[in-house]
Amino acid sequence: MSGARLGPWIVVGLAALYFVLPLVATFEFSLSMLRGTWSFEAYRVVFADPAFRQTFGFSVLAALATIVLGALLVVPTAYWVRLRFPRLRAVIEFVTLLPLVIPAIVLVFGYLRLYNSSSWLPFTGSAWGTNLLLVFGYVVLSLPYMYRAVDTGMGAIDIRTLTEAAESLGARRRTILFQVILPNVRAAVLSGAFLSFAIVIGDFVIAGLLNRPAFGPYLALIGQNRAYEPAALAVVAFAATWGCMALLQLLGGRAPGAAAAPLRTRRKAIP
Amino acid sequence: MSTASPAAGLAAIQPAPAPRRRLPLAWIGLVPFFLFALLFLIGPTAHLVVGAFQTPEGGFTLDNIRGLFTPQIIAAYWISIRVSAASALLGAVIGFFLAYAVVHGKLPPWLRPAVTTFSGVASNFAGIPLAFAFIATLGRVGLVTVFLNETFGISIYRMGFNLLSFWGLTITYLYFQIPLMVLIIAPALDGLKKEWREASAILGASSWQYWRMVALPVLAPSLLGCFLLLFANAFGAVATAFALTGSTLNIVPILLYSQIRGDVLYNPQLGFALAFGMIVITGLSNVLYLVLRARAERWQR
Chain A
1202 MSGARLGPWI VVGLAALYFV LPLVATFEFS LSMLRGTWSF EAYRVVFADP AFRQTFGFSV
1262 LAALATIVLG ALLVVPTAYW VRLRFPRLRA VIEFVTLLPL VIPAIVLVFG YLRLYNSSSW
1322 LPFTGSAWGT NLLLVFGYVV LSLPYMYRAV DTGMGAIDIR TLTEAAESLG ARRRTILFQV
1382 ILPNVRAAVL SGAFLSFAIV IGDFVIAGLL NRPAFGPYLA LIGQNRAYEP AALAVVAFAA
1442 TWGCMALLQL LGGRAPGAAA APLRTRRKAI P
Chain B
11 MSTASPAAGL AAIQPAPAPR RRLPLAWIGL VPFFLFALLF LIGPTAHLVV GAFQTPEGGF
71 TLDNIRGLFT PQIIAAYWIS IRVSAASALL GAVIGFFLAY AVVHGKLPPW LRPAVTTFSG
131 VASNFAGIPL AFAFIATLGR VGLVTVFLNE TFGISIYRMG FNLLSFWGLT ITYLYFQIPL
191 MVLIIAPALD GLKKEWREAS AILGASSWQY WRMVALPVLA PSLLGCFLLL FANAFGAVAT
251 AFALTGSTLN IVPILLYSQI RGDVLYNPQL GFALAFGMIV ITGLSNVLYL VLRARAERWQ
311 R
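First to last, the protein sequences are chains A and B. Residue numbers for the first sequence follow this note's numbering, beginning at 1202 and rising by one. Residue numbers for the second sequence follow this note's numbering, beginning at 11 and rising by one.
FYI, nobody ran anything at the bench for these hints, they're computed from the structure. Treat the hints with care, as some may be off.
Rough simulated footprint, nothing fancy, chain B against chain A, three-plus residues with beta-carbon under 8 Å [what the hints assert, rightly or not]:
1) 1215-1225
2) 1245-1259
3) 1298-1305
4) 1328-1340
5) 1375-1385
6) 1428-1437
One side of the interface only, derived from the structure: several residues of chain A facing chain B at Cβ under 7 Å [what the hints assert, rightly or not]:
7) D1359
8) T1442
9) G1444
Don't be surprised by glycine CBs; every beta carbon is placed ideally from N, CA and C.
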């Protein structure tokens, strides 16, 4: 195969161009708020905006709640299924993959219809209830990633032996789960957590339709009304996503028994 | 639909399987998960599916589905399908070449983890910030637009290009479609064993014959499956299109979004049908993907 060295380089080069140009353009645009000179003015304006801090803070809180709730739901389930119901694994996995089939907008439409203020479970009747529903929605969205990561992590450790060892030492179920199993799949939970974080921060549809003051709807609003600030916000968002993924790679590459090489195996595993 | 079967299966599954050892109450450990899935995943979806076949009073009807066949809604589905198909096809082809170049192109070894990591980031970089990035690049005063105009005198907007159009949306979607393709096709490309190439070379096959008779038949289910996954991925996306075009380009998710916010179709039941149509399309492409993936995995072990 002569010329095999040139062809791949051209492909990679063109791809790099396509992927880097928007980043460069966004960065350049975000620096040109003041006429005739490059400055961080757009960033200053964005960071000084109280709405930015409020919405970003709201989304970060929602993300943390999502991660805690998702882990509490997924870790015991994955553990229990592997220990007691190995034949149910396929069913559970299928359910956890459904959020990739059902678009988020359809899901939230269902929430609005099923849990409106005159229904049997009036989540959307109060701000508190709506926030809860929002977090539940985020847990659903992150379910495929969270379950996948944790289940892979469990596969890498011998949970049966660990459980039996703990049992013979007299540990109770809760002790086993929180003091034996959880620390062993910590890295897997974390890798699921970073993806959940990125999903929640980037969400627009669920928060928008539930009318919650989250980061996504704020972005949309700024995008409609301003010129340079959106570019600065895009850079900030990209940096946040990048930071999450970098941490994920770091954890995946280092931790023992973790969902190693999270990105590749994760995507491969998801239909 | 595919969403109804697990719900039906659940009722049968929960109490049924008795654990082999003590504790006949072991199934209680699975209740929180299934309850959550029922309340926040399967229930709401089933509600919409049922609602698509109901009159406001609750009787059975096909009028809602029939109501989808108006010019406005058909146009919305058609442009959605076209954008999703175009971005999925281009994403699959370009992503395939990129992944092949990285996996089998004899490039420096550091390139592969770099491309994989970047793909992980970029495939998650959808949503509103992506729209901002492309407005800064290919918008009317975007970097590339201005550069082409000032350096080569090529005004892409005068040539008919518009970011807020079919092609603009497709080019933007490619930013997360290509990386996704790279991530999901790389394992399949790893499965292309060097021995097969050598064996076919020994038997006197040309490079073209190797591709036509060995590599492509092995990869075909993966490729088609990835295309379907990419298609579903683009079909459900709302945020990018919303931030990019507002409501000038009426794709289905945006139409549904406006319908949920303000009943723009003047028929609340039509929203159910619209959502049902989306589930059918993404559901079908995902089911096909699963079938094809099962076939593809034979070669990957």
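For each hint, the structure was consulted:
1. 1215-1225: Satisfied; 7 residues make the cut.
2. 1245-1259: Contact hint for the region 1245-1259 of chain A vs chain B: violated, 0 residues under 8 Å.
3. 1298-1305: Result for this restraint: holds, n = 7.
4. 1328-1340: holds (count 3)
5. 1375-1385: violated (count 0)
6. 1428-1437: holds (count 4)
7. D1359: violated (18 Å)
8. T1442: holds (6 Å)
9. G1444: Given a least distance of 10 Å, the restraint on G1444/A is violated.
Checked against the numbered hints above, the structure violates hints 2, 5, 7 and 9; every other hint is satisfied.
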